[in-house]
Every structure is written in structure tokens, then in C-alpha cells.
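Participant: Sequence order for the protein chains is U and D.
Taken in order, the first sequence gives residues 67 to 181; the numbers are from the working numbering.
Taken in order, the second sequence gives residues 27 to 115; the numbers are from the working numbering.
To be clear, the hints were calculated from the coordinates, so they are not data collected in a lab.
Just so you know, not all the hints are guaranteed correct.
[Unchecked claim] Derived lysine-lysine pairs resembling DSS-like cross-links, with alpha carbons at most 27 Å apart: (1) D:K70 with U:K170; (2) D:K69 with U:K122; (3) D:K48 with U:K174; (4) D:K63 with U:K174; (5) U:K122 with D:K48; (6) D:K70 with D:K47; (7) U:K162 with D:K53; (8) D:K47 with U:K159; (9) D:K47 with U:K174; (10) U:K68 with D:K58; (11) U:K159 with D:K70; (12) U:K162 with U:K87; (13) U:K122 with D:K99; (14) D:K48 with D:K99; (15) D:K54 with U:K162; (16) D:K89 with U:K170; (17) D:K99 with D:K54; (18) D:K58 with U:K133; (19) U:K162 with D:K96.
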Amino acid sequence: MKNQYETVFIATPVLSDTQIKEAVTKFRGIITENGGEIVNEEDWGLRKLAYPIQKKSTGFYHLLEFKAEPEFIATLETQYRRDERIIRFLTFKQDKYAVEYSEKRRNKSKAEKEK
Amino acid sequence: MANNQSEIRYLTPPSVEIKKKKYCRFKKNKIKYVDYKDPEFLKKFLNEQGRILPRRITGTSLKYQRKVAKAVKRARHLAMLPYLTDMLK
Numbered sequence: 067m068k069n070q071y072e073t074v075f076i077a078t079p080v081l082s083d084t085q086i087k088e089a090v091t092k093f094r095g096i097i098t099e100n101g102g103e104i105v106n107e108e109d110w111g112l113r114k115l116a117y118p119i120q121k122k123s124t125g126f127y128h129l130l131e132f133k134a135e136p137e138f139i140a141t142l143e144t145q146y147r148r149d150e151r152i153i154r155f156l157t158f159k160q161d162k163y164a165v166e167y168s169e170k171r172r173n174k175s176k177a178e179k180e181k
Numbered sequence: 027m028a029n030n031q032s033e034i035r036y037l038t039p040p041s042v043e044i045k046k047k048k049y050c051r052f053k054k055n056k057i058k059y060v061d062y063k064d065p066e067f068l069k070k071f072l073n074e075q076g077r078i079l080p081r082r083i084t085g086t087s088l089k090y091q092r093k094v095a096k097a098v099k100r101a102r103h104l105a106m107l108p109y110l111t112d113m114l115k
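Chain U with its partners taken away, still in its complex shape:
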């Protein structure tokens, strides 16, 4: 049984654009290689943090939505912990309301792009 998950991670602001892309591709690869299926992806760019994390006041936010087996989440989180570039992450299973909401959000952003 596959569940739909949502994960956000914050990468350190010291990285260059290419390094960020590298990190994102790495995690995307981890998901797809373990039988996951990416549903949505959002790059929020450099954002100010509400409080300092590891003495940094900004960070690159990136959101991934995917379908995967529950066992995979542990692997993903260990990968996050091992990676020095990631300063904070959050992963959770989407309930039915969250799935509905994310679909709406996706359609909205799509419509905006087409304009």
C-alpha cells in the first residue's frame, strides 16, 4: 500500500545554485529509486528563517510530494540526517484533506503559469 507523503527540507544558504540543484536531484533520485513516485515539486527559494538554525538566518526551502511505501520514509530521513547541506526537514503522511488541498493548490499554480 502506497501512501502519499509530503516533505520539505531547508538547505544551507552557503550553497551555490548548482549545489542546491544537485541536492534536490539527489533527493529526487532517492525517492524514485526506492519505488516512489513524485507527484509535485515546489521550490520556494531563499527564505528568511523565523529563528536561527545552526547560526544561519536564511535557507533554501524545497517541497516534494510523493507516493511511496511507508518503509521508505525511514531511509529518506536517515539520508537527510547524513547530508550536511540539509539543516532542517519535515516529512509527514498526507490525510485525505491534505491530498485534496494539494491538488487544488497544484491546479491553481498550473493555471497561473498558463496565463
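Given the structure of chain U, go ahead and fit chain D onto it with the hints provided.
Facilitator: This is chain D only, laid out in the frame that chain U set:
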């Protein structure tokens, strides 16, 4: 005497309290999911120190108060909202 009585009445006016009925904004607007990605919206449920306001003040129903609390905690974890602060609003 009559004059005196009216003066007393003036000093202690009858308490006119028209209570505005509180309502749950999620039920009213049919919002099913509280999004943690929108810190500006979540700030409506916080006080100036960044603490979550009780239900008795916001009027949120229990079902959605739990969801608000979860969303606020997720937002805090991702540094989109502070854990504690001053002058948030």
C-alpha cells in the same frame, strides 16, 4: 429628590452587553485543511508572544483547533513561525 435619583441612575448605568457570537471560521468557510505553509494565516491564532490562542478566544471548534495546533507546530519546526518572540503583530 427626583433629581437626586436620576443622578444615581446615571452613575450606575445598566450594563449593556451585546455579546457578539463567536463562530468557528473553518466551519463557516468550509475549510477542511489547515495549511502550515501559510504563516500569515496562522498568525491569526497566535498572540504577540507567538503562543497559540485558546479556543475560548478564537471560537474555533475543537476539531479544527487540533488541526490549527498541528499546523502551527509544523510551521514552527520549519522556521516559518517563531517558537517564542515579542511583538509578533
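Participant: Give a verdict on every hint.
Facilitator: Hints, one by one, checked against the model:
For the suggested pair K70 (chain D) and K170 (chain U), the alpha carbons sit about 23 Å apart, so the restraint of at most 27 Å is met. For the suggested pair K69 (chain D) and K122 (chain U), the alpha carbons sit about 23 Å apart, so the restraint of at most 27 Å is met. A C-alpha spacing of about 32 Å is found between K48 (chain D) and K174 (chain U), which places the hinted pair above 27 Å, so the restraint is violated. For the hint linking K63 (chain D) to K174 (chain U), the alpha-carbon distance of about 15 Å falls within 27 Å, and the restraint holds.
As the CA atoms of K122 (chain U) and K48 (chain D) are separated by approximately 41 Å, the hinted pair breaks the 27 Å bound. Of the pairs offered as hints, the one joining K70 (chain D) and K47 (chain D) holds, with about 18 Å between alpha carbons and a cut-off of 27 Å not exceeded. For the suggested pair K162 (chain U) and K53 (chain D), the alpha carbons sit about 17 Å apart, so the restraint of at most 27 Å is met. Under the criterion of a C-alpha separation no larger than 27 Å, the hint pairing K47 (chain D) with K159 (chain U) is inconsistent with the structure, at around 36 Å.
For the hint pairing K47 (chain D) with K174 (chain U), the CA-to-CA distance comes to about 34 Å; that exceeds 27 Å, so the pair is violated. As the CA atoms of K68 (chain U) and K58 (chain D) are separated by approximately 23 Å, the hinted pair is consistent with the 27 Å bound. Between K159 (chain U) and K70 (chain D) the CA atoms are separated by roughly 25 Å; this keeps the pair inside 27 Å, and the hint holds. Restraint check for K162 (chain U) and K87 (chain U): not satisfied, since their Cα atoms lie roughly 31 Å apart, outside the 27 Å limit.
Distance check on the hinted pair: K122 (chain U) and K99 (chain D) sit about 20 Å apart at the alpha-carbon level, within 27 Å; holds. Distance check on the hinted pair: K48 (chain D) and K99 (chain D) sit about 24 Å apart at the alpha-carbon level, within 27 Å; holds. At most 27 Å may separate the alpha-carbon atoms for a hinted pair to count; K54 (chain D) and K162 (chain U) meet this at roughly 20 Å. This hinted pair checks out: K89 (chain D) and K170 (chain U) have alpha carbons roughly 22 Å apart, not beyond 27 Å.
At roughly 24 Å between alpha-carbon atoms, K99 (chain D) and K54 (chain D) fall within 27 Å of each other, so this suggested pair holds. Under the criterion of a C-alpha separation no larger than 27 Å, the hint pairing K58 (chain D) with K133 (chain U) is consistent with the structure, at around 22 Å. Under the criterion of a C-alpha separation no larger than 27 Å, the hint pairing K162 (chain U) with K96 (chain D) is consistent with the structure, at around 16 Å.
Hints 3, 5, 8, 9 and 12 from the list above are not met by this structure, while the remaining hints are.
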